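Residue numbers (this note's numbering), protein chains in the order written: chain F, 260 to 576; chain W, 1031 to 1460.
Possibly wrong hints are sitting among the right ones.
Stated by the list, open to error - Sample of chain F residues lacking proximity to chain W, with all beta carbon distances greater than 10 Å (derived): (1) 360; (2) 394; (3) 430; (4) 443; (5) 490.
Stated by the list, open to error - Label-pair ranges, simulated between beta-carbon atoms: (6) W:1283 to F:514: 48 to 54 Å; (7) W:1068 to F:521: 15 to 21 Å; (8) W:1272 to F:367: 56 to 62 Å; (9) W:1430 to F:387: 44 to 50 Å; (10) W:1347 to F:553: 37 to 43 Å.
Hints listed in this document are in silico derivations from the structure and should not be mistaken for laboratory results. Model, not experiment: these values are computed from the prediction. We treat Cβ as the ideally placed atom computed from N, Cα and C, and that holds for glycine.
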Amino acid sequence: MIRTIEIVALVLGAIIAWLAAAYVDSGLQFLLCEVFLLFIMAQMWNLLAGYAGQVSFGQQMFVGLGAYGLCLMANNTGIPVWGVIVIVPVIVGLLSIPLGMVVFHLKHAYFAIGMWVAAEVVFQFVVKTPALGGSGGIVLRPGGEMMQGFPEQTVLPVSLFLSMALIVGLRVFLRSKLGLATLAVRDNEAAAEAAGVNIWRLHMILFTLTGAGTALAAALYYTTTLFVTPLDAFGAKWVVLMMFIVVVGGLGTLTGPVVGLALFIGIRELMTAAGYSGGQYWIVMGLLSTGVLLFLPQGLWPAFSNYVQSLRGKASS
Amino acid sequence: MSFLNGRSNITRRQALKWSAGATASTLFMPSIARGAGSIIKIGYVGSLSGIRAAFGETETWTLEKMKAHLANGLEVGGKTYQVELVIRDNQSDPNRSNSIASELVLRERCNLVLAQDGDGALSIGELADTRRVPTISTMVPWQGWFFPRGGNPATGFPYTFHFFAGSDTILQTFVSLMGQVDTNKKVGTLFLNNEPGQAFMDPELGLPPMLKEAGYMETSAGGFPITANDFSNAVSTFAAVKPDILTGFMYPNHFIPFWNQVGQAGLKPKVCAMAAAFLFPSGVEALGDTGDGMATEIWWSPRFPYKSTITGQSAEALATAWEAEANRQWTQPLGYGHALWEVGLAALQRSEDPTDPDMVRDAIASLNMETVIGPVNFAESPIKSVAITGLAGGQWRKGSGKYPYELKVVDNSALPDVPLEADMVPLGGS
């Protein structure tokens, strides 16, 4: 079960979250919101691809569903925004069950592309539906009123604490029976099945949870931007970001995405500050990920920890 | 006390400074050193590249002029403020527009944002309104900015403003253009099926009722998707009734195949007025010799009898300066890009304190000035937050000078100040 150090981490996370809400400037808060929400999304993709072995190119669908779910429900019902943010992931999670029943017929690369197609179908549906704002998008107006206050002052501590809780939660999960089954599937699917793991059920649970988690992060993100367009929310950039962060950092590890995220944000901020406009940082990202995949295919973090271990081995011998 | 009320202590810039080290901070963040309160930060977002790059073609040049103009600061009420410009290109991409919106509003916390692009303006709108960042936008018919954002004409928006002509004025101008040529009064219409296109073809508020009222018989080929490159259905619909007038809304890449198919079907229209297709000389030049006589809306031309409040240049002088320095023909956004800065700087100068968002907002709302594109009147506008500007009708004619085609003002019914340069002639010359 949960260990003392993990409880300490949670308490620390809560304290840092509270301090960040009180003392950080709103511009930096917005950036940090993005950082922690990207972390949650990347970790969700990691859980699905790295642990459950289901690489998906369509996770932006859950971002879009989270964003649109937030705006539609907040604008058209009297439920307060923060309540909506809790309800939307539940709905998206439920919706992903029938979707999973369909796309699970596809395996591996076919699954990845099938998810992409599913995301594109939802995107086209939103673009062609005037009631959803069409290609023009919709504005977040809870109950028809302009959003008041400073949402990032709430989103930041929530996303910071959620990130911390996610790491702790995943550690606890991987020690549980279901977690051990997941690891077994990651290592050898056929062997796991022979040992009695219900792979379909396991995949469905993780697919639903990661879909809901991604939608939650998206709903939190769009609470700070107040405006959703289909091209933005259903954009492939989301899944590209998740993949970059996870694959460069280390697929199937809990620490890898932290490394990948730090690299992504660091490169983007430094290059933008140095005057390279627009998406030029993507060129560096592309080169970096190509390099990592060529020379350290398991990712930066596993390579680094292996190296440290080999040093230790030498020192003790 | 200030420590406890949730106000800022660590800014993004400071955090970046710590993490990026001293080099980065001194090279890229000179503003930290300057005292707060005497700096005005103006954010700018425009489509400098991407699919709408033609709309931003003149912008880089305009921005250079403005940088030079503001290099020594801006005088407001006897006090000189340093001006920091935060220029962002949204690459005509809504994705980019959203991240720029949050950057300009939340991270840079601009005192004023100028948006030269519709996507840019829509993305930043709600954020600017809730965070009290006065924002002025242009370059898209005001209906396309006002209604998608859920605007109410009686109340408008708290901090965001827009000035441009209306899509209704474009249509009235088109109907007026048609009336100048002797035709069989039959009109074939065809529209790109996107949001502005739907507004143009609206059976109650769009072109159809206007045509009916003016005594024209409309043959509608309806809407087509943006990916279309074959118009044979529409052309055969038109071939059955042989209209003398073709009108609607499409981009140059649609018009070229459409026009070829019109020619193949043996149609010989006398008037062709397409919104958006002929805004830029390149759209007409691509038609070769058959481009002579194509009609379009003119938001701005060097013949507009106005002058800049910033440089004192007349519209003519502004276009001449651009043509001489950039060695390219003038385009309509040149005037609007310049006027955007005129409106923005005038608002800052008329506010008591340009760093106070409420004062800047009030200054914009009470503006009634004449810019290089003509009067911009927020103060007496029937639609709050919008200044509706004028529009003329024009026709592309074979050029006599340096450029293959020249845009002549042939209709001024919506903006009588603009002198007529020529009479509207039937297609293919008089």
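Task: Which numbered hints fail - done: Hints 2, 5, 7 and 10 are the ones this structure does not satisfy, whereas the remaining hints hold.
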